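K.L.:
For reference, the chains in residue letters:
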Amino acid sequence: MMQEQPVLSIRQLSKQYGDGCTHCQHEDMKLEKNFCPVCKTVYACRSVSFDLYRGEILGIVGESGSGKSTLMKSLYFDETVTSGEGYLVDYENGHNNIFTESSQMKRHIRNTILGMVYQNPMLGLKMDFSSMSNIAEKQIAAGNRHVRQMEERSLSLLQHVKIPVHRSKEAPKNFSGGMQQRVQIAKAMSNNPPILLLDEVTTGLDLSVQADVLDLIKSIQRELNISMIVVSHDLAVIRMLADRTIVMLNGEIIEHGLTDQVLEDPQHEYTQQLVYSLL
Amino acid sequence: MSAVPFALLDEQSKREIRRAILKGIAIPGYQVPFASRELPIARGWGTGGLQVTLALIGKNDVLKVIDQGSDDSVNAVNIKKLVTKTTGVQTTTRTQDATLVQSRHRIPEVPLRADQVLVLQVPEPEPLRDIERSEFKTKRYHAEKEYSGAYLMLFEQIMRYNQTSQGADYPVLVNGRYVMNPSPIPRFDNPKIHQSDALILFGAGREKKIYAVPPYTNVESLAFEDYPFVVEQFEGKVCRETGLSDVFLDELTDEVTGETYYVCNDTSYMQEILQQKVAAK
Ligand SMILES: Nc1ncnc2c1ncn2[C@@H]1O[C@H](COP(=O)(O)OP(=O)(O)OP(=O)(O)O)[C@@H](O)[C@H]1O
Ligand SMILES: [Mg+2]
Ligand SMILES: [Zn+2]
Numbered sequence: 001m002m003q004e005q006p007v008l009s010i011r012q013l014s015k016q017y018g019d020g021c022t023h024c025q026h027e028d029m030k031l032e033k034n035f036c037p038v039c040k041t042v043y044a045c046r047s048v049s050f051d052l053y054r055g056e057i058l059g060i061v062g063e064s065g066s067g068k069s070t071l072m073k074s075l076y077f078d079e080t081v082t083s084g085e086g087y088l089v090d091y092e093n094g095h096n097n098i099f100t101e102s103s104q105m106k107r108h109i110r111n112t113i114l115g116m117v118y119q120n121p122m123l124g125l126k127m128d129f130s131s132m133s134n135i136a137e138k139q140i141a142a143g144n145r146h147v148r149q150m151e152e153r154s155l156s157l158l159q160h161v162k163i164p165v166h167r168s169k170e171a172p173k174n175f176s177g178g179m180q181q182r183v184q185i186a187k188a189m190s191n192n193p194p195i196l197l198l199d200e201v202t203t204g205l206d207l208s209v210q211a212d213v214l215d216l217i218k219s220i221q222r223e224l225n226i227s228m229i230v231v232s233h234d235l236a237v238i239r240m241l242a243d244r245t246i247v248m249l250n251g252e253i254i255e256h257g258l259t260d261q262v263l264e265d266p267q268h269e270y271t272q273q274l275v276y277s278l279l
Numbered sequence: 001m002s003a004v005p006f007a008l009l010d011e012q013s014k015r016e017i018r019r020a021i022l023k024g025i026a027i028p029g030y031q032v033p034f035a036s037r038e039l040p041i042a043r044g045w046g047t048g049g050l051q052v053t054l055a056l057i058g059k060n061d062v063l064k065v066i067d068q069g070s071d072d073s074v075n076a077v078n079i080k081k082l083v084t085k086t087t088g089v090q091t092t093t094r095t096q097d098a099t100l101v102q103s104r105h106r107i108p109e110v111p112l113r114a115d116q117v118l119v120l121q122v123p124e125p126e127p128l129r130d131i132e133r134s135e136f137k138t139k140r141y142h143a144e145k146e147y148s149g150a151y152l153m154l155f156e157q158i159m160r161y162n163q164t165s166q167g168a169d170y171p172v173l174v175n176g177r178y179v180m181n182p183s184p185i186p187r188f189d190n191p192k193i194h195q196s197d198a199l200i201l202f203g204a205g206r207e208k209k210i211y212a213v214p215p216y217t218n219v220e221s222l223a224f225e226d227y228p229f230v231v232e233q234f235e236g237k238v239c240r241e242t243g244l245s246d247v248f249l250d251e252l253t254d255e256v257t258g259e260t261y262y263v264c265n266d267t268s269y270m271q272e273i274l275q276q277k278v279a280a281k
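Read top to bottom, the protein sequences are chains E and A.
Going letter by letter, the first sequence gives residues 1 to 279 in full-length UniProt numbering.
Going letter by letter, the second sequence gives residues 1 to 281 in full-length UniProt numbering.
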């Protein structure tokens, strides 16, 4: 059987804040967690590699500061990676490293192949603009110049994420946290991207609202066969959504596998602590 | 105490401003930074336009200054005084007689010629400013011709008011490359920038930017496929004084009767039409 080609392949992705020094650039560098005590450089992501397949949900868990958001922002080009390679099957057939493309090309990739839902809705939405405009923004960025078309698309997406039509022209700043995340999801989906990136979408929401948003994500994945990367430090969320799971610690992947395996039979000491402390 | 130099600014400053102007002409619609000088007029009162005027003006120039269509407003008069005091040049209110026109918020009704220069005062040169506060980022957007923010502003207006509500300073695409604020002229004046015979210069004193639209440049107001750009419509309205209808009109209220009426916004043009009517009688 031929191995299916991943929709996204990440190889050796590293992101550091700071220039490093002789102390921390040494082979067996002595960091305090992800941080060099001498020059204060933060190694937020260290040599991260993984594949994402068509239609699957890949979970990423890890404690606060382990580099999950940095990884997501790097994939969405909000942050420039320090080094590493990334390949998208929907971009140049996976032949070009997306991280070394021009900023115009990166913008094109971001607007047509990727959708992002941020941990903090302030980062993903223009709080003073109508929800319709927020969703249209990505379509405009992708080159659409037809108001009615974009309006129809935005309305149907808002319906899909269960925002009442009569509130579609309201600004997200008037919305509850759960609604804001729904608008973000609608915006992320506006150009029908094959890949969605979701960073802690349910953190800070009431439990019942969380369940609704998770159901929505699950249904989108089922109906549209979109690939997703879902970041959470809540194992219950990962258990419910993710087919495969990656565990991060101090910027590194320390364990990965099928979600059930990782959660039932964790190999790494840290994952064991993480899983058993929650039982 | 040294004597005040011709046109107030020292030669060094004028040269620098002229260099910025030349660069602006070479890259139509591109905002060229310049070291805005202190002038005996507060920033925000046309100091950008004034510096462009002072850098360009020569002894044989004839200057016209207008403020929202009027030659007699305090602001226009002050600018005229400052320039004539330091240069001795003649001023005029007739657009046809001017070689240099400095204006705030209007382009004259009388079409400008190739031997004339129009200088527009600019409060905010950055068309993406309402979308992005960071100058670093807006500069990048221009460099990458990334103008979705400008369209998003218009889209939001359509969502809210069912039409683009932006009356003045409606953004334009210059020479197919740079999106530019045309200064707070009414949309009515935007088409006059397109393929203009005259050179049009823009000066922003507070924001320290100069930009230009050279003669015969394509200038297109931004629009959507299904929401084309439209100028202000004065359907069925005419100037009470002249009967003109193809000009930009001001809406006024008669203080005695409380009735609304309309007059030409460009007062010198209105005067000229009125004089022609008197002469014809
Ligand atoms: N702009 C920045 N400058 C310096 N350090 C940063 C910056 N952004 C993030 N970091 C650091 O990078 C590391 C990873 O942060 P990141 O936000 O990716 O963690 P996370 O796994 O998303 O955490 P959380 O669960 O709290 O959201 C942290 O040590 C953080 O302090
Ligand atoms: Mg995070
Ligand atoms: Zn170091």
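Watch out, some of these pointers could steer you wrong.
Stated by the list, open to error - In silico BS3-like pairs for lysine-lysine, Cα to Cα no more than 27 Å straight-line:
| id | chain 1 | residue 1 | chain 2 | residue 2 |
| --- | --- | --- | --- | --- |
| 1 | A | Lys-85 | E | Lys-106 |
| 2 | A | Lys-81 | A | Lys-59 |
| 3 | A | Lys-85 | A | Lys-277 |
| 4 | A | Lys-237 | A | Lys-145 |
| 5 | A | Lys-277 | A | Lys-23 |
| 6 | E | Lys-40 | E | Lys-126 |
| 7 | A | Lys-137 | E | Lys-173 |
| 8 | A | Lys-237 | A | Lys-281 |
| 9 | A | Lys-85 | A | Lys-281 |
| 10 | A | Lys-137 | E | Lys-106 |
| 11 | A | Lys-137 | E | Lys-126 |
| 12 | A | Lys-208 | A | Lys-23 |
| 13 | A | Lys-85 | A | Lys-192 |
| 14 | A | Lys-137 | A | Lys-85 |
| 15 | E | Lys-126 | E | Lys-106 |
| 16 | A | Lys-281 | E | Lys-126 |
| 17 | A | Lys-145 | E | Lys-126 |
| 18 | A | Lys-139 | E | Lys-106 |
| 19 | E | Lys-33 | E | Lys-106 |
| 20 | E | Lys-106 | E | Lys-162 |
| 21 | A | Lys-237 | A | Lys-277 |
In case anyone wonders, no lab produced these hints; they're calculated from the structure.
Predicted model, so just to flag it, every value in this text is computed and none were measured.
K.L.:
Could you check the structure against the hints above and give me the numbers of any it violates, in ascending order?
P.N.:
1, 3, 4, 5, 6, 9, 13, 14, 16, 19 and 20
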